[in-house]
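A.B. asks: Chain by chain, the residues:
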Amino acid sequence: MSQETVATVATVTAEPWTPTSTGPSLSLTPSDLGLDVGATTPAIALGDVAVGYGRTTVLSGLSLTVDRGELVGIVGPSGSGKSTLLRLLTAGADRHRGRVEGLGGRVHRRPPPRVGYVPQLDNVDRTFPLSVLQVVLLGDTAGSARLPWFSRAERARAHDLLERLGLDGLHGRRLSALSGGQQQRAFVARALFRRSELLLLDEPTSGVDPTTRRDVLGVLAELHRTGLTVVLTTHDLNAVAAHLPRVVCLNGRITADGHPNSVLTPEVLAATYGGEMRVFTERGRVVVVDAPPPGLAPSVLRDDEVAS
Amino acid sequence: MSDWLTTPLEYAFFTRALLAGTVVGAMSGALSTFVVLRRMSYIGHGLAHSVLGGVAVGLAFGVDLYVGAIVATVASALLIDAVARQRGLHADAAIGIVTTSIFAIGIAVLAVVPTRLNVEAVLFGNLLGVDRTDLWVAVGVGALFAVVLFLLYKPLVFATFDAEVARVHGVRASGIELLFSLVTAVVVVASVRVLGVLLIAAAVVIPGATARLLTRSIGAMLAVSTGLGVAAAVVGLYLSFYLDVPSGPSIVLTGASVFAVVALGSAAAARRALGVARRFSPPSGPAGPQGTGAGDGGDDGQVPVGARHH
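Each protein sequence line maps, in turn, to chains A and B. Under this note's numbering, think of the first position of the first sequence as 9, with each following residue one higher. Under this note's numbering, think of the first position of the second sequence as 185, with each following residue one higher.
What the hints contain is simulated information worked out from the structure, not anything from laboratory work. There could be a bad hint or two in this list.
[What the hints assert, rightly or not] Okay, the calculated beta carbon distance ranges per label pair:
| # | chain 1 | residue 1 | chain 2 | residue 2 | range |
| --- | --- | --- | --- | --- | --- |
| 1 | A | Gly177 | B | Ser465 | 23 to 31 Å |
| 2 | B | Val445 | A | Ala164 | 37 to 45 Å |
| 3 | B | Gly272 | A | Gly113 | 45 to 53 Å |
| 4 | B | Val247 | A | Arg107 | 34 to 42 Å |
| 5 | A | Val295 | B | Leu366 | 49 to 57 Å |
| 6 | A | Ser187 | B | Val247 | 30 to 38 Å |
| 7 | A | Ser184 | B | Ala447 | 13 to 21 Å |
| 8 | A | Pro156 | B | Val296 | 34 to 42 Å |
For glycine and all other residues, C-beta sits at the position ideal for the given N, C-alpha and C.
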């Protein structure tokens, strides 16, 4: 994959995305989320950024603009810098060079004030003795009074958010008593509870079953439709990235940026993942298939089977 | 019976120790909730070692026991925080390096400089040694701890649950963690006279671990662990008085006994619940519905064969 090939990948304007949610409709409006619909500054603006940890640079030459209300997927192999990009946006990594702006303000030592973050489920102690309602309430700790309890208004707002996210009646449950999809909805609710304008999700569909994945993506689609800016990282090219309106490919740098039909090409994927991948189109949507490993190809996967 | 309770109270030293012990028990009990949830049980052990180093160095320079102890433990907390931030290192390595080094300095100083330090009292606690200063130190630290906990409860819970998300959501998680280490250091110092250096670690773990088995919410866990800390201190001090053993071991053994009973009880309850679930779970496979005869899930408590493999 040459640099020229990368340069030819066009950035495609986000198209309306059809949600695939299996869960209830969220019935959210921009005012429910406290979105500033009149804001004109980009949600994210990176200018020639190099970022890493200590003296080690993980990502360099990053220039990226994400407008308000976009839904963007960050893809790339393990170690490509996906999580580092999220940490850059939340002032959790060391910026070596360049300009980082989030929600109209410069990101330096503190994260932008209205960013919500959803961690990987694997990184959360789901046995922690908190109810779902308490988890959501903690999301706006910084904006809450310095008292050991939350106000009645805060509790009512958290109840309302849980109801809109399809978790009505589950507010008293422990996290461990919820399904994977419900847990993700609870963490999304926590992120939204601080009236976030930018939602960052680290591998939200990692390690979940297909039904849960559809549920999580459906929630994100509805939030996107409401006008929220959503940026997520994912390993899953077919089940996640191919459904998103915009995909950014990373491998130490941005290798491509645009609509999945333009970005998920053999050339870009080779530059991003360093291996051969085949790309097919199924009902207008790209499908990425790993090239068959040597030795397994004849018995496991034939070209005509893939094509069919 | 009442004589058993009132007789020790006729002695001023016991009353002082009981008051100090109650405050120390409440502090260490409340603190243990966060020590257990943060999986930092080793920090009490480490900071207690620092206390001995600080006390020894302080006495060698002719300063008060508490001055040496507080300087050493606060320095330890700050150094642990600094070392743990080094890439590739975690808090356990930082605690091991910093606190054992300060402990070693104390031992070396004790060997070289003659002091009048009652090493046994510092190591194991001493009921007779609790004076008015110790009582006021415990009360003062207890009040400070209560204020910090009241004002920072929500950020502390958030940072304990998920420090990274707390940071992104505007909580100064690293500052909270440093403050938590400093508060732990001060509580450890205030507990030295009653509990002793070597047994403080248990006092800031056992009540929280016991409460974790008994409760399902962090608020209840905090309340129960605080109560257990007080109860262990009171019962332990009476045992210390009557059995003539150092106060530290008697308090810790009281708490450990409660933990053992609760742990056995919850293990038995879990086994019972599993048995009930197996008995009432839908059978799988052809052997399930019909069973195999005698022990077919009846009143004899046998588990149906079809359910054994769930």
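A.B. asks: Does each hint fit the structure? Answer for all of them.
C.D. replies: Status of each hint after checking the structure:
no.	hint	verdict
1	A:Gly177 x B:Ser465: 23 to 31 Å	holds, 25 Å
2	B:Val445 x A:Ala164: 37 to 45 Å	holds, 41 Å
3	B:Gly272 x A:Gly113: 45 to 53 Å	violated, 32 Å
4	B:Val247 x A:Arg107: 34 to 42 Å	violated, 52 Å
5	A:Val295 x B:Leu366: 49 to 57 Å	holds, 56 Å
6	A:Ser187 x B:Val247: 30 to 38 Å	violated, 60 Å
7	A:Ser184 x B:Ala447: 13 to 21 Å	holds, 20 Å
8	A:Pro156 x B:Val296: 34 to 42 Å	violated, 48 Å
When each numbered hint is compared with the structure, violations occur for hints 3, 4, 6 and 8.
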